Amino acid sequence: MASFNLKINGKSRSVNADEDTPLLWVLRDELNLVGTKFGCGIGQCGACTVHVDGVATRSCLLPASRLTDSEITTIEGLATKELHPVQEAWKTLDVPQCGYCQAGQIMTATSFLKQNPAPNNDEIRNAMHGNLCRCASYNRIEKAVALAAKKLS
Amino acid sequence: MENQNKTTFSRRNFIKTSALASGGILIGFNFITACKETATPPVDVANLDFKDFNAFIKIAENGYVTIFSPNPEIGQGVKTSMPMIIAEELDVPWEHVTVAQGALDNKNFTRQVAGGSQSIRFGWDALRQTGATARQMLVNAAAAKWGIDAKDCKVSNGMIDNGSGETFHYGDVVNEAALLEVPENVTLKDPKDYKIIGKDAINVDIDKIITGEPLFGLDYKEDGMLIASVLRPPAFGQKLGNFDDAKARSVSGVKDVVKFGDKIAVLATNTWAAMKGKKALEAEWMADGKMENTEDHDNELNKLLDSNKLDLRREDGDVKKAFAEADKVLTRTYESPFLPHNCMEPMNFYANVTADKIHLVGPIQTPAGTAKRIVDLIERNEEDIHLEMTRMGGGFGRRLYGDFALEAAEISNMAKKPVQVVFSREDDMAAGIYRPAIKYRISASVKDGEVTGYHLKEAAINSNMYGLIPNFFPAGAIQNYKVETGSYNSNITTGAWRAPYTNFLAFAEQSFFDELAELLEVDAVKLRLNLLKNVQHGADDRIQYSAERMTDTIKLAAEKSNWGKTKSGVYQGFAAYYSHNTHVAEVVDVVMKNGKPTVDKVTVAVDCGIVVNPTGAKNQVEGGVIDGIGHAMYGNFSFEKGKPKDTNFNTYRLIRMKETPIVETYFVDNKLSPTGLGEPGLPPAGGALANAIKAATNQRLYNQPFDNYLNPINTELKT
Ligand code: FES
Ligand code: FES
Chain Y
77 MASFNLKING
87 KSRSVNADED
97 TPLLWVLRDE
107 LNLVGTKFGC
117 GIGQCGACTV
127 HVDGVATRSC
137 LLPASRLTDS
147 EITTIEGLAT
157 KELHPVQEAW
167 KTLDVPQCGY
177 CQAGQIMTAT
187 SFLKQNPAPN
197 NDEIRNAMHG
207 NLCRCASYNR
217 IEKAVALAAK
227 KLS
Chain G
30 MENQNKTTFS
40 RRNFIKTSAL
50 ASGGILIGFN
60 FITACKETAT
70 PPVDVANLDF
80 KDFNAFIKIA
90 ENGYVTIFSP
100 NPEIGQGVKT
110 SMPMIIAEEL
120 DVPWEHVTVA
130 QGALDNKNFT
140 RQVAGGSQSI
150 RFGWDALRQT
160 GATARQMLVN
170 AAAAKWGIDA
180 KDCKVSNGMI
190 DNGSGETFHY
200 GDVVNEAALL
210 EVPENVTLKD
220 PKDYKIIGKD
230 AINVDIDKII
240 TGEPLFGLDY
250 KEDGMLIASV
260 LRPPAFGQKL
270 GNFDDAKARS
280 VSGVKDVVKF
290 GDKIAVLATN
300 TWAAMKGKKA
310 LEAEWMADGK
320 MENTEDHDNE
330 LNKLLDSNKL
340 DLRREDGDVK
350 KAFAEADKVL
360 TRTYESPFLP
370 HNCMEPMNFY
380 ANVTADKIHL
390 VGPIQTPAGT
400 AKRIVDLIER
410 NEEDIHLEMT
420 RMGGGFGRRL
430 YGDFALEAAE
440 ISNMAKKPVQ
450 VVFSREDDMA
460 AGIYRPAIKY
470 RISASVKDGE
480 VTGYHLKEAA
490 INSNMYGLIP
500 NFFPAGAIQN
510 YKVETGSYNS
520 NITTGAWRAP
530 YTNFLAFAEQ
540 SFFDELAELL
550 EVDAVKLRLN
560 LLKNVQHGAD
570 DRIQYSAERM
580 TDTIKLAAEK
590 SNWGKTKSGV
600 YQGFAAYYSH
610 NTHVAEVVDV
620 VMKNGKPTVD
630 KVTVAVDCGI
640 VVNPTGAKNQ
650 VEGGVIDGIG
660 HAMYGNFSFE
670 KGKPKDTNFN
680 TYRLIRMKET
690 PIVETYFVDN
700 KLSPTGLGEP
710 GLPPAGGALA
720 NAIKAATNQR
730 LYNQPFDNYL
740 NPINTELKT
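For the record, the sequence lines run as chains Y and G. Heads up: the first sequence runs through residues 77 to 229, numbered per my numbering. Heads up: the second sequence runs through residues 30 to 748, numbered per my numbering.
If you are wondering where the hints come from, they were derived from the structure by calculation, not from laboratory data. Only a predicted model underlies this, so the values are computations on that prediction, with no experimental measurement involved. One or more of the hints may lead you astray.
Unchecked claim - Straight-line distance between alpha carbons at most 30 Å, and here's what the computed DSBU-like set of lysine-lysine pairs gives: (1) Y:83 to G:237; (2) G:594 to Y:226; (3) Y:190 to G:589; (4) Y:219 to G:237; (5) Y:167 to G:589; (6) G:224 to Y:167; (7) Y:190 to G:237; (8) G:183 to Y:219; (9) Y:219 to G:87; (10) Y:226 to G:687; (11) Y:219 to G:224.
Please construct the entire structure, taking both the sequences and the accompanying hints into account.
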């Protein structure tokens with residue numbers, strides 16, 4: 077068992093967890109931030125995507141104890157006073173079906189749009205390829221990323 | 030099934046009202062009783078009590094409405110569309126409506142089920158009646174206050190008007206309405222006056238979903254709850270032998286290890302520790318029956334198709350004679366593997382079994398049946414159960430089976446602790462209840478340019494087709510027609526999977542018709558339309574598809590997709606299928622990119638009657654079509670010695686963004702009662718895709734997943 081501090085959504089949080097515990101389970105089980113989802117546990121589905129220093133990262137394979145110097149943002153910390161433009165776009169286009177994958181999709185999209193604020197369609201499809209949606213809401217995800225890009229510019 | 034403005038059942042049987050202590054009115058109704066065509070009171074009507082209801086409408090003194098939706102949400106949008114129907118008849122602005130998941134108590138959980146795209150179809154009359162009854166009570170209360178006849182009042186958007194310039198908000202009269210008798214014979218709105226139905230309403234849980242609030246089963250927590258990670262026999266046909274849990278118990282955070290049946294649960298304070306503890310278990314597995322390979326299934330199903338040991342499901346005319354007299358006979362065989370559901374949220378359930386109560390929480394499509402099985406298993410009374418349903422991270426049929434909830438209850442009962450069973454993805458994919466592997470052999474006889482006979486044989490693991498399915502198209506359209514089925518019983522468990530029983534059947538038949546059209550040298554759409562002309566309306570009540578509705582749907586798809594008139598370089602494939610009471614036609618456009626076929630677009634025409642919520646409806650269709658394409662292309666699930674070869678997404682492939690076409694959906698415009706949408710978009714997709722690939726490459730695909738069979742040159746779809 078190790079004790080360490082993590083900076084999550086702008087707040088310092090103290091954590092007691094085994095050193096090898098992935099960030100995903102620290103978030104969900106220790107800090108009650110359950111918006112970050114478990115889908116596969118092996119980095120293949122993207123449901124667990126968070127931002128580590130602004131970059132979309134799979135939290136299911138990443139030991140939390142190594143992240144003491146990083147800024148971590150989860151879906152719960154994405155909106156400030158208002159919804160993030162990506163969340164807005166998701167709402168406008170009524171993207172979710174079951175909704176389970178969508179936090180991960182939104183986290184991937186926000187980080188991608190920071191790196192590429194004016195993507196073309198192929199770039200969007202490439203960027204979102206790593207996030208599975210079993211309900212196959214892919215058409216709307218694609219459109220929502222494009223809409224968010226417009227909102228952000 | 031013309032949309033009815035009046036329905037026959039008595040409102041007394043299912044509606045009761047009460048004044049709320051806090052002001053306002055609570056209207057309870059028994060959703061399922063109301064949905065039956067012959068509604069019978071659930072209990073002695075005179076002594077009705079709110080416990081007999083499973084859905085509620087609350088109207089507060091400010092006129093705002095809360096609707097407690099009775100059906101669990103698996104992603105088909107009923108939590109939004111069902112309240113829309115109530116709000117429409119109640120005639121309140123949608124913005125004034127809040128929707129909550131109906132709370133369940135131990136008497137009332139028994140009536141909910143989500144599956145088979147039936148929620149809307151069964152709920153349509155009952156939900157409209159309920160909304161209209163509530164509206165009428167408010168009007169009656171207002172009329173009494175004014176001392177006028179209720180008939181002289183007009184209602185719009187939560188306001189009642191007495192015709193002489195005076196108005197009441199609903200909120201002004203709720204307390205009076207709560208004291209009135211429930212009226213009989215209320216009038217339903219004319220569909221042309223709808224203000225909510227037919228307009229886009231965004232998913233009522235949208236804000237929670239996009240901000241990551243707790244909603245799903247896995248998000249549920251209780252103080253003192255332990256996470257249970259369960260080790261199950263790795264292969265079908267194995268049972269537990271000796272095991273050693275010393276290493277598992279030494280993992281920090283692990284609190285207990287419980288053996289139940291052939292399974293071992295590791296209980297820990299957090300998920301990571303539970304999963305590590307499970308990995309640290311040392312177990313021996315012993316043979317307990319056959320451990321089958323995919324090759325064995327292949328052989329068994331082929332043997333069935335070759336045998337005469339099939340069960341007759343439907344026979345019209347004389348198929349033997351038609352084949353004997355034919356100019357030509359076409360015979361083809363189609364094959365598909367098992368498929369796991371792979372709901373994005375792995376199976377999970379919370380149980381806390383104590384001396385006086387059994388508290389259950391989680392994502393389940395069949396709360397009633399599951400609760401019953403739990404009380405049988407742990408020998409308790411149904412009265413002890415309190416079951417709460419959460420939103421579900423996908424269902425696809427998997428959550429109809431309560432195995433995970435039974436495990437949770439059994440473990441909690443043994444460990445005397447609140448427990449949440451959490452499946453890893455590997456657990457989820459290996460736990461069974463798959464869509465069975467199936468083969469079809471279809472033959473048709475052709476004489477003088479007409480299809481004279483049709484013979485379909487099904488061979489499935491643990492059986493597949495049943496009920497009315499052998500009466501789907503082309504039953505009724507071909508004079509000599511025969512369907513037979515055979516089953517090989519395997520210890521690999523199987524069950525319903527999105528669009529059960531037809532998800533692969535539609536591919537086989539719709540591919541076959543494409544080839545038949547080729548043989549007859551007639552356009553593929555034309556062939557379907559010609560065959561539909563043979564169907565005599567009402568001649569056979571086992572036939573539930575409508576030739577007229579199917580014809581209109583096919584024509585709409587052909588028109589919107591520019592069937593036969595596309596620009597050069599676009600290759601089209603067509604399929605149409607009726608399932609779950611909805612008629613669907615699809616055209617897939619394939620283009621060649623770098624000499625390889627790529628799915629570009631799918632045009633879908635749907636007749637599901639009145640479209641309650643267009644944005645939600647389109648979402649369902651888009652999802653169903655892409656799901657159908659994805660599984661036809663990539664769904665590859667096989668067994669070696671009873672063990673699934675793939676148990677996670679590194680090797681088991683699901684369709685991803687770059688492989689998805691754009692789906693364009695069009696609804697046939699009519700005013701017929703609504704039917705379901707969660708499933709019927711899926712079945713035609715595989716066939717339309719295969720037919721388009723044929724048009725583009727000249728390669729016919731008979732086996733799924735296509736990705737395993739496409740000629741090397743046709744590998745673009747592999748990305
Ligand atoms: S749970 Fe992390 S990628 Fe799937
Ligand atoms: S919305 Fe269900 S998995 Fe994406």
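Tell me, in ascending order, the numbers of any earlier hints that this structure violates.
2, 3, 8, 9
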